[in-house]
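Using the hints, position chains B, C and D against chain A.
Given next are the chains, with one letter for each unit.
Number of protein chains: 4
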Amino acid sequence: MRPLMSADHAHHGYISDKERYLARLKRIEGQARGIHRMVDEEQYCIDILTQISALTSALQGVAVGLLDDHLKHCVTDAVRSGGDVAEQKLDEATQAIARLVRS
Amino acid sequence: MRPLMSADHAHHGYISDKERYLARLKRIEGQARGIHRMVDEEQYCIDILTQISALTSALQGVAVGLLDDHLKHCVTDAVRSGGDVAEQKLDEATQAIARLVRS
Amino acid sequence: MRPLMSADHAHHGYISDKERYLARLKRIEGQARGIHRMVDEEQYCIDILTQISALTSALQGVAVGLLDDHLKHCVTDAVRSGGDVAEQKLDEATQAIARLVRS
Amino acid sequence: MRPLMSADHAHHGYISDKERYLARLKRIEGQARGIHRMVDEEQYCIDILTQISALTSALQGVAVGLLDDHLKHCVTDAVRSGGDVAEQKLDEATQAIARLVRS
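Residue numbers (my numbering), protein chains in the order written: chain A, 200 to 302; chain B, 200 to 302; chain C, 200 to 302; chain D, 200 to 302.
Keep in mind that the hints are not guaranteed to be accurate.
[Unchecked claim] Straight line, CA to CA, 30 angstroms or less: simulated DSSO-like cross-link-like pairs of lysine-lysine:
(1) D:K225 - A:K217
(2) D:K225 - A:K225
(3) C:K225 - B:K217
(4) D:K217 - A:K225
(5) B:K217 - C:K217
(6) C:K217 - B:K225
Bear in mind the hints are in silico, worked out from the structure with no lab data behind them.
Here chain A stands alone, though its shape is the one from the complex (with noise of 0.2 angstroms):
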């Protein structure tokens, strides 16, 4: 995790990790098209299934750090400044999560 930035540096706090997240993306997007050529190949199923979970696990991992960067950064941006707008950056993140934890 990294240290907290301070507010004028990053507006979204991944933007100072955009690179990282970009290359991240760009992976998944690869696995993504992985898959689809596994199915066209007509591989084996359970191939299949590995790699739909091995992308899945890949996909929590970015969400994860960008919940991490929204904390340190709009959230606790936010915080700082008082007001109903971290009330609103906070319920925003816990829906979030809620969503990440079901799906």
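Okay, now just chains B, C and D, sitting in the frame of chain A:
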């Protein structure tokens, strides 16, 4: 989701909602006991699996609630007071989220 | 994973492993009670969340075991005897898997 | 869920539904590309997280479908022909289910 609480009111976020959590967890304990009884009575596998999914969802509901409270109190208070504690609380929150997403 | 059982030995697959399931479910009930106690004693949110993740994983372990037994007995017996029952058992198994994947 | 297929019609269960799987996986690939674009365009974290949850759910839908087909063909054929292959197919199916439940 409940509104932000001032720091002095509740040490851990969930404490102001303690009775509700205790009631939910008492129900969860009862669900667990019910599943034990279903196995003891040799009920049908699929019916037992249905109850396990229901119990898992109930647990996730409690977990998301606790996280919401934790973000709105422990983490928010730490961010307001600044310093390393905020960093630590945020890291803890992200690790808890990662465990939940993967369990 | 236990070997295929002949149909007459155990009606529901898990019954030949009943005592082990009962012991695991008794522990799960104890874990649930433990989480209730942690809230009652107002312990730290993150520690409670850690226990909820552990309990969720324990439940998933029981669920996967029951599914394995169900596939190796109820479903296998139905496929061997042929007819519509096999179709129904397979549909039931897939629906149970879908619930577990989404809980 | 589709009805049981006779063994000779489709080697792997999903093959009789191949085009539908390919279309779903093409959409999934597009969703992954869309998330990459959202990060590239520095969109809001929560909106990106929402898309990741949607993609994860789409993947789970494909996985449950493949499992259903696998159980109704590869596993069912193996059980009908008897012997060790059935045991191996059932073990494989349970391991795939365990990975999905935990991812």
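Now for the hints, and whether the structure bears them out:
1. Between D:K225 and A:K217 the CA atoms are separated by roughly 25 angstroms; this keeps the pair inside 30 angstroms, and the hint holds.
2. For the hint pairing D:K225 with A:K225, the CA-to-CA distance comes to about 15 angstroms; that is within 30 angstroms, so the pair holds.
3. Between C:K225 and B:K217 the alpha-carbon distance is near 25 angstroms, which keeps this suggested pair within the 30 angstroms criterion.
4. About 25 angstroms separates the Cα atoms of D:K217 and A:K225, which keeps this hinted pair within 30 angstroms; it holds.
5. Distance restraint check for B:K217 and C:K217: the Cα-Cα separation of roughly 36 angstroms exceeds the 30 angstroms cut-off, and the hinted pair is therefore not satisfied.
6. A C-alpha spacing of about 25 angstroms is found between C:K217 and B:K225, which places the hinted pair at or below 30 angstroms, so the restraint holds.
Of the numbered hints listed earlier, the single one contradicted by the structure is hint 5.
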